Structures are given as structure tokens and as C-alpha cells.
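Residue-level listing of the chains:
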Amino acid sequence: GAVVSQHPSWVICKSGTSVKIECRSLDFQATTMFWYRQFPKQSLMLMATSNEGSKATYEQGVEKDKFLINHASLTLSTLTVTSAHPEDSSFYICSATLAGLETQYFGPGTRLLVL
Amino acid sequence: AQTVTQSQPEMSVQEAETVTLSCTYDTSESDYYLFWYKQPPSRQMILVIRQEAYKQQNATENRFSVNFQKAAKSFSLKISDSQLGDAAMYFCAYRSAPDSWGKLQFGAGTQVVVTP
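Order-wise, the sequence lines are chains A and B.
Taking this note's numbering, I'd label the letters of the first sequence as residues 1 to 115.
Taking this note's numbering, I'd label the letters of the second sequence as residues 1 to 116.
In short, the hints are calculated from the structure, not lab data.
Please note that a few of the clues may not be correct.
[To be verified] The calculated lysine-lysine pairs, modelled on BS3-like cross-linking and capped at a C-alpha distance of 30 Å, are:
no., chain 1, residue 1, chain 2, residue 2
1, A, Lys-64, A, Lys-41
2, B, Lys-103, A, Lys-20
3, A, Lys-66, A, Lys-20
4, B, Lys-103, B, Lys-78
5, A, Lys-41, B, Lys-70
6, A, Lys-41, B, Lys-73
7, A, Lys-41, A, Lys-66
8, B, Lys-103, A, Lys-55
9, A, Lys-41, B, Lys-103
10, A, Lys-41, A, Lys-14
11, A, Lys-41, B, Lys-78
12, B, Lys-70, B, Lys-55
13, A, Lys-66, B, Lys-55
14, A, Lys-64, A, Lys-14
15, B, Lys-103, A, Lys-64
[Unchecked claim] To give a feel for the contact side, a few chain B residues facing chain A, derived at Cβ under 7 Å:
no., residue
16, Tyr-33
17, Gln-44
18, Met-45
19, Lys-78
20, Trp-101
21, Leu-104
22, Phe-106
23, Ala-108
[Said to hold, decoys possible] Sample of chain B residues at the chain A side, in silico, Cβ under 8 Å:
no., residue
24, Leu-47
25, Pro-98
26, Gly-102
27, Lys-103
28, Gly-107
The structure presented is a predicted model; accordingly, all values stated were derived computationally and were not measured.
A virtual CB, placed ideally from N, CA and C, is assigned to each residue, including glycine.
Work out the full structure: start from the sequences and follow the hints.
This is the structure in C-alpha cells:
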């Protein structure tokens with residue numbers, strides 16, 4: 001149990017375009033989902049926390065207009081990178097948890113390359 | 001704010017041997033959770049083990065065990081009988097219990113290299 005999927009697993013896009021990444025909890029209802037960014041050989045950096053049906057809470061320094069997060073249902077959260085630029089190239093990971101549970105379960109990640 | 005420190009960027013261990021990864025954290029809270037996650041080359045984050053701060057007994061999961069020293073704010077991971085599949089980046093993480101959203105604070109990670 002506690003499986004989280006992400007789609008796509010990798011994406012290449014042109015500078016200036018927008019990219020949407022989906023995060024789904026497959027066998028549980030996730031009240032809270034998290035989005036992280038990870039650079040090579042570095043730790044995970046939390047970008048934002050989203051609760052179903054409410055606006056996401058962004059960490060300091062993360063541009064909310066750049067990284068749009070929607071958590072429309074208890075099993076789906078999306079991250080849209082708007083007007084992507086090469087510096088947005090990174091590995092994006094989502095995780096999900098259920099209220100009352102202390103463990104976050106992670107998706108397999110999405111590699112984004114902006115040309 | 002809580003901080004998590006992993007002071008070993010890389011640890012090397014031979015197959016079948018034991019390796020211990022260190023993790024210290026800074027907090028003023030008494031109720032929290034600690035985790036070790038493994039990130040293999042696939043980059044999928046995998047939960048290895050978790051510890052509730054209110055439990056004195058150290059958590060174990062098969063070949064993985066922790067040494068939780070609450071007063072010293074230390075949470076080390078021991079990997080026994082190391083296997084090639086244990087090669088990965090290992091992250092220590094802290095979660096405040098009162099935090100209803102359950103944010104994790106990660107350490108910088110320790111790369112474990114397993115040699116035949």
C-alpha cells in the first residue's frame with residue numbers, strides 16, 4: 001500500500017512553455033501533498049505544501065506564480081511550471097500523506113529539462 | 001526552526017559488513033518523529049525506518065536498526081550484513097508531531113557505497 005505515482009517521469013520542453021506534472025496517490029486518499037525540488041547530489045528542497053480543496057502554501061523564495069499547484073481531489077495534485085526557463089531544469093518529487101499518519105510517501109520523481 | 005545534520009558525505013562498506021550513518025538534529029520540541037529514507041540511483045525515495053520520539057525502544061526493520069539518543073539528539077542508522085542493493089543516498093529527516101501538515105526537514109544526505 002501507500003503508492004504514489006508521478007507523470008510524466010521525464011519531460012523536455014522549450015524555454016517559455018509551460019509544463020504540468022501530476023502526482024497521484026493510488027491506494028489512499030491524501031489530505032496533504034508536498035512538492036520538492038532536488039538538484040544533483042543535493043537534498044530535497046520543499047517547494048510547497050498543498051491540502052485538498054485549499055490554496056497551496058509556498059516556502060520562502062518559491063515563486064507562486066511560477067510554480068502553480070492545484071490539489072483538486074484527495075488523490076491528485078498538479079504542479080505547473082509556467083514559462084519555463086533553463087534554470088527550472090531539475091528533478092521534481094511529490095509526496096503524499098494522510099491526516100493522522102506521520103509518514104510521507106514519495107512519488108518516483110519527474111526529470112524536467114528546459115532547452 | 002529544526003535543523004538536521006548528517007556529517008558524513010560518503011561512507012564505504014564491504015558486502016556483509018556493517019555500516020553506521022550518523023544524524024543529529026536540533027529541536028526544542030519533545031514530541032516528534034524521525035525517519036531514514038533511502039534514495040537509490042533510480043531516485044525513488046524509499047522509507048527505511050521511522051522512530052517516534054516518545055518511544056524509548058529503538059526501531060528495527062530487518063537489517064536496519066537505529067540508535068535513538070533523545071537527550072543527545074542523535075539518530076544513527078545501522079545497516080547490518082550490507083548488500084549491493086543497499087548502495088544509495090540515505091537521508092535523515094525530522095517531523096514535528098504538532099505540525100498538522102507534517103513537513104519534513106531533511107539532512108544533506110550520506111552516500112553509501114557497497115564494495116564486493
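Hint-by-hint comparison with the structure:
no.: 1; hint: A:Lys-64 - A:Lys-41; verdict: holds (25 Å)
no.: 2; hint: B:Lys-103 - A:Lys-20; verdict: holds (23 Å)
no.: 3; hint: A:Lys-66 - A:Lys-20; verdict: holds (12 Å)
no.: 4; hint: B:Lys-103 - B:Lys-78; verdict: holds (25 Å)
no.: 5; hint: A:Lys-41 - B:Lys-70; verdict: holds (29 Å)
no.: 6; hint: A:Lys-41 - B:Lys-73; verdict: holds (25 Å)
no.: 7; hint: A:Lys-41 - A:Lys-66; verdict: holds (24 Å)
no.: 8; hint: B:Lys-103 - A:Lys-55; verdict: holds (16 Å)
no.: 9; hint: A:Lys-41 - B:Lys-103; verdict: holds (21 Å)
no.: 10; hint: A:Lys-41 - A:Lys-14; verdict: holds (25 Å)
no.: 11; hint: A:Lys-41 - B:Lys-78; verdict: holds (22 Å)
no.: 12; hint: B:Lys-70 - B:Lys-55; verdict: holds (10 Å)
no.: 13; hint: A:Lys-66 - B:Lys-55; verdict: violated (42 Å)
no.: 14; hint: A:Lys-64 - A:Lys-14; verdict: holds (21 Å)
no.: 15; hint: B:Lys-103 - A:Lys-64; verdict: holds (18 Å)
no.: 16; hint: Tyr-33; verdict: holds (5 Å)
no.: 17; hint: Gln-44; verdict: holds (5 Å)
no.: 18; hint: Met-45; verdict: holds (4 Å)
no.: 19; hint: Lys-78; verdict: violated (21 Å)
no.: 20; hint: Trp-101; verdict: holds (5 Å)
no.: 21; hint: Leu-104; verdict: holds (6 Å)
no.: 22; hint: Phe-106; verdict: holds (5 Å)
no.: 23; hint: Ala-108; verdict: holds (5 Å)
no.: 24; hint: Leu-47; verdict: holds (6 Å)
no.: 25; hint: Pro-98; verdict: violated (12 Å)
no.: 26; hint: Gly-102; verdict: holds (5 Å)
no.: 27; hint: Lys-103; verdict: holds (6 Å)
no.: 28; hint: Gly-107; verdict: holds (7 Å)
This entry does not satisfy hints 13, 19, 25, going by the numbered hints stated previously.
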